[in-house]
Amino acid sequence: MVNGQQVSTGGDPVDLFRLASWCRSGPEWDRMVSEIEWEDEPTHLNTMNSSGGFNVVSVDKLSVSYPGTRSHGHDVGAVQANCAAPTRRLMYYFEMTVKNAGQKGRVAIGFTPPGVKMCRQPGWEENSCGYHGDDGMIYRGQGKGESFGPTFTSGDTVGAGINYASQEFFFTKNGKLVGTVNKHVKGPLFPTIAVHSQNEELTVNFGKHPFLFNFEAYVLEERTKHQTTIEKSTLPVNVSHWIVRSYLLHYGYEDTLNSFDIASKNSLQPAPVAQENSIEHCEAYALNRRKILRQLIRNGEIDSAFSKLQGWYPQTVQNETSTLCFLLRAQKFIEHIRVGELEAAVKYARAQLAKFFSVKLLENLLQNCIALLAYDQPAESCVGYLLDANQRELVADAVNAAVLSTDPAAKDRQGGVSSHLERLLRQLTACSVERRSLTSDQGETFHLHQALRAAGKRPMLG
Amino acid sequence: MSVLGFALVQFSDLIETMASSKKVITKEEWEKKLNDVKIRKEDMNKLVMNFLVTEGYVEAAEKFRVESGTEPDIDLATITDRMAVKKAVQSGNVEDAIEKVNDLNPEILDTNPELFFHLQQQRMIELIRNGRLEEALEFAQEELAPRGEENQSFLEELEKTVALLAFEDVSNCPVGDLLDMSQRLKTASEVNAAILTSQSHEKDPKLPSLLKMLIWAQNQLDEKAVYPRINDLASAKLEDPVV
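Sequence lines, in order, name chains A and B.
In terms of UniProt numbering, the first sequence has 83 at position 83, counting the first letter as 1, and numbering is strictly consecutive.
In terms of UniProt numbering, the second sequence has 27 at position 27, counting the first letter as 1, and numbering is strictly consecutive.
To be clear, the hints were calculated from the coordinates, so they are not data collected in a lab.
All C-beta atoms, glycine included, are put in the ideal place defined by N, C-alpha and C.
Among chain B residues calculated to face chain A with C-beta under 7 angstroms, some are:
{"id": "1", "residue": "Val48"}
{"id": "2", "residue": "Tyr57"}
{"id": "3", "residue": "Glu59"}
{"id": "4", "residue": "Lys212"}
{"id": "5", "residue": "Leu214"}
{"id": "6", "residue": "Trp216"}
{"id": "7", "residue": "Gln218"}
{"id": "8", "residue": "Leu233"}
With the hints as constraints, model all of the structure from the sequences given.
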């Protein structure tokens, strides 16, 4: 990590884009969060992909009926949703209501792959699965059905879902779980309903209206089950405690660290194995100075921070066009803007910032900084994020990283640029993302941001 | 068979072998993936704050608020009260603890009969510990017995506790573990959890769960791939993939 980082910035000890505080509530982060969450969801039926076996009943494309009187094996009116079931979640579910079971009640609900014959019932063709109303059987790509649940007819609401964690299909009838079957299909699956005898009429609900089945509770139950499995593993004694401690050390939160240490002494924490590891003394490096520098920057006293840094660690600010120098200069400029000293800001920019326009990597950030001048109310503008406390924190973290890099012991330290906590969280995220990519992109992945929000302030169950 | 045909057969064999074996991810590739992960400092700060608050490090939480600008997800004053209750139980002042819980929120004990029973049980244990046997007996009859009648599991625990009275040398008695420090800690953590729940706060910090999730996630990925693991959480050291 250390090596990779240094290559990418040409020997600069601070890789701005590698700092956790670079990700913040700026436009870039918002874009990223929405990308994580975004996925196409079925909203209506794809009535264009038809074998001619159904009539569209409603303009909202949520209801279909069987048009003819034929009922041969290749006269089925199957209809798929407008897109495949979303996969990047724990489960997907939809429902349909049988408005009219028609002459023979050969209605069905299930999932089918792209390109499947629309004149066939879901479950009859390979890679599809369907729960059929007339016999209550489940069909899984073979000609023969397997006995599964009750039949369903006029007035009944049935549901079909995919549990990506357990790789199962599940079906419901009138709000109750009927059962689950193994999901043998790997690729994308379209929610599908089908009609196959005179006067049959179905209405599908892709979640626009509340489901009859308590899908949320079902998801929660699965999640709790999952959580219980996870909670079974045991952690080394006090490991959380030491990870927190090393985080405080890493970022130079010295006052917090001292309080934490005093309090933990009283609460009987036995010394952990971790102490033998290098956590302790290598990150205690320059702790007090790092704390002082952070405080100055957080208070907006950039000049003092700069001169202290120059005195203590001249090597970190030697290169006048380094990322660190840029961040400090830019912050000084931002502080001028904050207090409305526009003239001073312009003067400062000409003297200290102009030279950074030649540094490609910093161009964007520099332009955003300068753009602050253009607004009457800079804090309300699209570059207003530069004025919030997180920007100071970013500069403070960059200084902290630069100081840590002067530690002679730092070279032997693996991944010394980031805290233990950060490395563990990266590993957790990477593992879950990798696993999903090896599982046909199905299921949830871990994202710290979501994990913190989802758990929120909701009390735990039970 | 032509040479080309032979080569194709071999090639398809190779593909098959590759498909059945696990994907191998080198350290270099993995580090690139790690670097692509977006972890936000603000979120890590929140995670740390959540730990300090839930575990009751009120002064550290206060300092952390100042040093990092992270807002706690609970009123810090309530931590002090919660810790005072916890401490009272830990040091055997159960009456004091009950009073403090009721000052905080009388509903906590009203809606948690089990917790209330355990506190009363702890109170009796403390009486026995201090050799105030008569008081203990009276307390058992007046306060604990009526509750035992309401609930079978309470009754069993009551019987176990009363059994302490039968032994002159409690250090040698089969229910002697009730007098252990661990019993106090157990009761204390039960009160702590109940107070947190009453404040709509989770009773456990999030960090340990995430660490367990990491262990689980690595085990899961082991089934599909060989990649650099972190085996020692405390050092967060990335191991070379074992092929």
